[in-house]
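S.K.: Add chain B to chain A, keeping to what the hints say.
Single-letter residue listing:
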Amino acid sequence: MPKRSFILILTLFAATHAHAFCGFYVAKGDTKIFNRASQVVIVRDQDKTVMTMANDFQGSARDFAVVIPVPTKIERGQIHVAEKALIDHLDAYSSPRLVEYFDPDPCAVLKPQMDMRNAVAEAITVTASAPAMRAKSLGVTIEAKYTVGEYDILILSAKQSSGLETWLTENGYKLPNGAAYVLGSYIRQNMHFFVAKVNLGEQARLGFNYLRPLQVAYESPKFMLPIRLGTVNANGAQELFVYAITTKGRVETTNYKTVKLPSDVDVPLFVRKDFTPFYKALFTEQVKKEEMSAVFLEYAWNMSWCDPCASEPLSQDELRKLGVFWLDAGSNVFLTRLHVRYDREHFPEDLVFQETGDERSFQARYVLHNPAKTGQCDAAIAYRRQLRERQEKEAANVAELTGWNVEEMRRKMHLDTASVTPAEKKWWEKIW
Amino acid sequence: MKRFDPRLYQIGALTVLLLYGIFALNFDVTLFRSVLLVGTAIATQAIGSRIKHVAFDPRSAAISGLSLSLLLRSESIALLIAAAVIAVGSKFSIRIKNKHIFNPTNGAIVAMMLLSNRVWVSPGQWGNVAFFGFLITCIGGLVVNRAARSDVTYAFIIFWSALVIGRSLYVGEPLAIPFHRLESGALLLFTFFMISDPKTTPDSRAGRILFAALVAFGGWYINYRLFRTNGILWSLAGAAIFVPVIDALLPAARYAWRRDAAPAVPQPHQLATAA
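So the sequence lines, in the order shown, correspond to chains A and B. Residue 261 in this note's numbering sits at position 261 of the first sequence; the count goes up by one each step and never skips. Take the position in the second sequence, starting the count at 1, then add 1000; the result is the number in this note's numbering.
Worth double-checking, as some hints may not be accurate.
Only part of the chain B face toward chain A is listed, based on derived beta-carbon distances under 7 Å [said to hold, decoys possible]:
#1 Ala1176
#2 Ala1213
#3 Pro1244
Derived coverage of chain B by chain A (criterion: at least 3 residues anywhere in the stretch with Cβ under 8 Å from a Cβ of chain A; other residues may be distant) [what the hints assert, rightly or not]:
#4 1015–1021
#5 1110–1121
In case anyone wonders, no lab produced these hints; they're calculated from the structure. Note that beta-carbon positions come from the ideal geometry of N, C-alpha and C, so glycine has one too.
With the rest of the complex left out, here is chain B:
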């Protein structure tokens, strides 16, 4: 029986969130720019597929484009386009043991923030008002995604909440403070749509839980010890570098989106099938 491709739910959910963000929350991004980002990501996927001689599948690229529209901000269209190219391009170029290292959106955001001071991420753009509606959308994703790797999401939520609440208890802050920090749209998007990316998380369950702990601690350290913003985004990119090591220590089968579909960049022996 064919498994439902969780990417289709993701594309739907991200599109709804984006439209809600643009029209109800007045995100600092236009429909035009979002379409451009998604278009660029898909075009990059098409070019990469052609160069690498693999079957073209626009779904992951569409997710990257939508995620960038939700997260990355810049006045410059050129910088946004560059981000979309880097996001999808990195899947084809930065690989170890035929597995891409960085979550495309995360890698592109971090790269752009390192390369230019004209891009930024606005973690506060969601506000706290729409939190619960957003949460339901994300949980819907888990339900659809249950066959895939939701363990990393659960693990991250537990580690992150423990760190944030623990710190507040330690410094003697009222619980309203950590709860306010946890009721963040940016955090939900990260937890349910970014860190959960099965292609860039470790292959084994134990590895994924370790990975979630690393990301949570790194993000917490950046936010609450170094006092810099977007800690989890930096931390995810940093932790991604260790995924090959985790996979070597805790090996398991590689994830494929659908049993009957070729992965975005299949191994050479799969080429015949894909073609």
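Here chain A stands alone, though its shape is the one from the complex:
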């Protein structure tokens, strides 16, 4: 009995302070659970910014073209193509995760702490789908035109959206309704654009059958992400993951509420195999709770370590490839993972960010407790009763987090059969 409380306290401690706890991975989630998701890495210090954009564009590469607004004029050397594996690694490192504990046998003698075997699982990776920034083709001055990797890049300068729209249309790009309006307001704010489309010949030569992320480096006080182009022609909500890599601490949005995803909650054992749907339902439920008006924090951690590790931290080489330009200066590399589901109605304006001085670690973490196989002893009776209470609580937790039906959860956990332990009689039931 005392052993169990010990473990629970330790869990709690580990949770709040993220101190070392022994853990290992038990599962890996599906990476493609969110449809139409984009992933953007923003590496930023002072005003220097390197943005890496990945998408899960599913159509033919021939049809792919993207208009990307950037806050400054850009030159040839500022656009680059990155490996998808970099973002996949970042995703795996920062994913919500499942952690597993084993209850000690209540009948066994108290053993040292290491007897607690913890396991950690992971969750989800996410999918990127090119945000619907599919404003195609341009009009106006082409400042530069060249090929980077498998992309043909056109750097444009436009004074008027009508010109840009015409150019895009004339060159065979279909602009979604309303895109010209958005482009126009960006032009008025001195935003610049580049267009990337796939050079099929280069793609075949390089041997890629997927679209690699595009990178752009610029220096601007604007710490923002243009999402409006993505909402003009979207049917329904879109999913966006922002990985902000900075030096000081956690990044948050200043024009939308940033909310921590619920974390450190005990969930039933079946979540192990249902972790992907669990996380997906949990996210949907939290979005609903916040009336789809919030950005969610899923991870905030100094990249030099992790605990438990869903994946090893990125190497110096990987960070450099993502654009972390201050490695030689030895500054911190702090990662913030934000997740937002957005549409035009709830997210009318672009996301604006700020870096805070908050270095506290945060991870979205869900906890499994494996019951002990109990022998026959007095402690076992009490343990089984507590176990039953805990499992009821776990069923309620998972129902609250995901919006799933609590009775269904209890059935899945076989709690409705009352097979675990008959509930102890109330004192008055023992009188007569």
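M.R.: Then chain B, alone, in the frame of chain A:
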């Protein structure tokens, strides 16, 4: 007849907002830290009053502590305590013509942001969902406060809305964008509880309207031309420096919280009354 002290309404309203923020909106501040901030502010007021030999009145200090709890964020308790000391301490130490220059909370926040990169203000923490409830609380403040200086609040709302909406119209943004920007809890708190501070705004009505215009333009410029956050907080601190000049150009009677109460730091001839 005694005038109702608007500070009592402010203390009540800020306390409700803070509790709502902590328990419903999950503000990144704990009850313990808030109590500590309010306690430090009041203690600083007590010490300052003793040093300056004036009557001790905890109300303004409580407002400063509550406002800091609502706005200022840091991992470090020491930095939060420092902010509370600076807030109230500045009232006693940074004065021109016996009037303190900076709104205590605003001055402390700006000073802390300049001194340390471990403090921050989260303008997005309110979200937009609770906006209207919040608005009603603030308007309630205006009603109670009507005898005091609400003109600066009205003027600021008009100037700020005109700038934000005007910019969106100029760049061709849909109106949903400026309205989203105006539906901000942080903006309401600033407008109804900070810029309206009668002790640090100019004495004359014309001066206050000019002051509101300065603050609005400065804040707008910082947010939408320099693209930095918390423009209005920086701008209020900047504009505060010009208040003595505005008062010199457009003089009027100084504000006192209540006719029968001594100001926080009264002029020497009032000492006898206060004592």
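S.K.: Determine for every hint whether it applies to the structure shown.
M.R.: Checked hints:
1. Residue-level restraint check for Ala1176 of chain B holds (minimum Cβ-Cβ distance to chain A is 4 Å; threshold 7 Å).
2. Interface hint at Ala1213 of chain B: violated, since its Cβ lies 24 Å from the closest Cβ of chain A, which is beyond the 7 Å cut-off.
3. Given the 7 Å rule on beta carbons, the hint for Pro1244 of chain B is violated: about 32 Å separates it from the nearest Cβ of chain A.
4. Residue count for the segment 1015–1021 of chain B with a Cβ under 8 Å from a Cβ of chain A: 0. That is fewer than the three needed, and the coverage hint is violated.
5. Only when three residues or more bring their CB closer than 8 Å to a CB of chain A does the claim for the segment 1110–1121 of chain B stand; here the count is 5, and the claim holds.
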